[in-house]
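Here are the chains, one letter per residue:
Number of protein chains: 2
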Amino acid sequence: MHILITGAAGMIGRKLIARLVKDGQLNGQTIDQLTLIDVVTPEKPVGFAGMAETSISDLSSAGAATQAIAKKPDVIFHLAGVVSGEAEIDFEKGYRVNLDGTRALLEAIRVAGYKPKVIFTSSIAVYGAPFSDSIADDFHLTPLTSYGTQKAICELLLADYTRRDFLDGVGIRLPTICVRPGKPNKAASGFFSGIIREPLAGQEALLPVSNTVRHTHASPRAAVGFLIHAASLTRVQLGPRINLAMPGVSCTVGEQVEALRRVAGDKVAGRIRREPDELVQRIVAGWAERIDAKRACDLGFTAEATFDDIIRAHIADELGGKIVA
Amino acid sequence: MHILITGAAGMIGRKLIARLVKDGQLNGQTIDQLTLIDVVTPEKPVGFAGMAETSISDLSSAGAATQAIAKKPDVIFHLAGVVSGEAEIDFEKGYRVNLDGTRALLEAIRVAGYKPKVIFTSSIAVYGAPFSDSIADDFHLTPLTSYGTQKAICELLLADYTRRDFLDGVGIRLPTICVRPGKPNKAASGFFSGIIREPLAGQEALLPVSNTVRHTHASPRAAVGFLIHAASLTRVQLGPRINLAMPGVSCTVGEQVEALRRVAGDKVAGRIRREPDELVQRIVAGWAERIDAKRACDLGFTAEATFDDIIRAHIADELGGKIVA
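Same order as they appear, the protein sequences are chains A and B.
Reading the first sequence from the start, the letters are residues -1 to 323 in this note's numbering.
Reading the second sequence from the start, the letters are residues -1 to 323 in this note's numbering.
Bound-form chain A, shown alone (with noise of 0.2 Å):
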């Protein structure tokens, strides 16, 4: 089996990586080539026994999306994008890379003439205010921010290839990925992952919104897990809702800071400073607080029960279980 992964140098693209490289098989078939590009170059995969070819690739470039399908992958991991706060703030680098990035890829497969499966990362920001309680699979798309609304076209374009069978698509609508690990990203949302990161390393985190803000988490070991299990999935699985909100645990930031407490003790809960950021508190206001991931579930998705088990494995997969105290 051939795989491309695009976004591949990014964290979830590293961890899948090191999650398919680790099975060495994918649906039950041998994984004997990788193909990782991302707009710098991705790093060569530890300890894979098949052919790994790395390039540096932006599909929103002429030939590109071309090219990267020019040996026809069987399965496609679509995670390339440029991020919820870079996306607002450059509006044209988010279309060019967001939306023209994923249409050149399912046009290059569409002329290609071959029909692989391909797996996209979309978001919970296609959702927008004002919300019902929870919100449902068939909850409407009006998205809030320019980022959410590529996700959601994005989506629909997927949906409409599928549909016309030119490929097997699934969109997988991620919620919030928390504990993300490594420097902050320009994701809006990295408040959420530096308030647990930052103490757990022993140094201090900005909080940019009120302990009331309430939104739906998973961990990056489940993100990996979500896009694995989605590629075993089929069409008559799918049916023609082939776009799938994902599960994850629902809590408020308040809720974070006493499971942060919890786990790792009071002095590292006490290193979070409380710094009002107008900008983010306006884009989260916009986004899903709880996520009803019933057709997800029902298809075998899973994510972590409680916040508690979302620190817990950032501790044991990035901090080798331990604590700085």
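Errors might be hidden in some of the hints.
Copies of the same chain look alike in the list, so a pair counts if it works inside one copy or between any two.
Below, a list of computed lysine-lysine pairs in the DSS-like style, where the Cα atoms sit at most 30 Å apart [stated by the list, open to error]:
| # | residue 1 | residue 2 |
| --- | --- | --- |
| 1 | K91 | K113 |
| 2 | K69 | K91 |
| 3 | K91 | K70 |
| 4 | K320 | K69 |
| 5 | K69 | K265 |
| 6 | K42 | K320 |
| 7 | K42 | K20 |
| 8 | K320 | K91 |
| 9 | K20 | K181 |
| 10 | K91 | K292 |
Hint data in this document are derived by calculation from the structure and do not stem from the laboratory.
Following the hints, complete the assembly by docking chain B onto the known chain A.
Showing chain B alone in chain A's frame:
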């Protein structure tokens, strides 16, 4: 006031122009300039006191959109588009005209840096089966045609460009417009008009679906009314959800035939011949049957109350009150 109409040579375009010329004003402002474009030359409006420019323009061609808005029209009625049947048969043309053409128009406006009002004709084809009994305004967007996908994408773009303050957009989801005058077009919904129009003109009409097919209709007169009313709405009235389902008469094909019998007699109704068509049946089966246009009604949009009224509007507006009995 300067008004631009795209798709000006089309049926709704011509009726809208006639209405605007007759009214002489829009939102209380005198109309002194009309720019009329289409892929075929639009007719010069008859009896218009102001300046009227007509030209051939395909918005998806390089530079065409910039040219179309060069004189900064205050209000833009964007009606241009490829119909549902054609967009399903010619995938590339549908996306080029319906998506790229609309996006080019929005981009030209953004780059020009002025803020017109843009009224976009969307369609109830943005909804896709399976449906609940009645489609509320917040029903999600799961179109089952490429046409519906393109309309849904353009709605999302229009909403984002409005939110970003590049323009004042409003999208109106038209029900099936019935009775369409003139010759059949390539819309899959064409027969809904044909089975009324042809018999009233003394000709046989083909009916490709069964009596039980339910659908929502509004007359061309009502559609023009929607457009004019949409142009009067403010951002405050609309709120963030600028795409609205329009009201109409929900009835079955059997009820349409009975209404024709009531209004025009047995002989006229006897001119309908059943000839099942699988493509039309499949497309129509994916459409909404009943639209709960509560928001639109609350905002003052009005349509006919019965299908008899729709037939009478056709006889009055198109046949000079005369039926071929």
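Practice item. Could you place K69 and K265 in one of the four classes (within, between, both, neither) given a Cα distance threshold of 30 Å? Key: Cα proximity of K69 and K265: none, with 53 Å in one copy and 64 Å across.
Review point. Between copies, within a copy, both or neither: which fits K91 and K113 at Cα up to 30 Å?
Key: This pair counts as both: shortest intra-copy Cα distance 29 Å, inter-copy 22 Å.
Review point. 30 Å Cα cut-off: does K91 pair with K70 within a copy, between copies, both or neither?
Key: This pair counts as both: shortest intra-copy Cα distance 28 Å, inter-copy 26 Å.
Practice item. Classify it for me, K42 with K20: is the Cα-Cα distance of at most 30 Å met within a copy, between copies, both or neither? Key: For K42 and K20, only the intra-copy Cα distance (14 Å) is at most 30 Å; the inter-copy one is 70 Å.
Exercise for review: Tell me, please, which holds for K20 and K181 at an alpha-carbon limit of 30 Å: within, between, both or neither?
Suggested key: Within one copy, since 25 Å is at most 30 Å while 63 Å is not.
Check your understanding: Between K320 and K91, at a C-alpha cutoff of 30 Å, which is it: within one copy, between copies, both, or neither?
Key -> neither (39 Å within a copy, 58 Å between copies)
Practice item. Since the copies are identical, ignore which copy is meant and state whether K69 and K91 lie within 30 Å (CA to CA) inside a copy, between copies, both or neither. Key: both (28 Å within a copy, 28 Å between copies)
Review point. Between the shortest in-copy and the shortest cross-copy C-alpha distance, which are at most 30 Å for K42 and K320: within, between, both, or neither?
Key: Answer is within; shortest intra-copy Cα gap is 28 Å, inter-copy 78 Å.
Exercise for review: Could you place K320 and K69 in one of the four classes (within, between, both, neither) given a Cα distance threshold of 30 Å?
Suggested key: neither (43 Å within a copy, 65 Å between copies)
Point to revise | Copy assignment of K91 with K292, given that the CA separation must stay at most 30 Å | key: neither (34 Å within a copy, 37 Å between copies)
In the structure shown, a violation is registered for the earlier hints numbered 4, 5, 8, 10, in ascending order.
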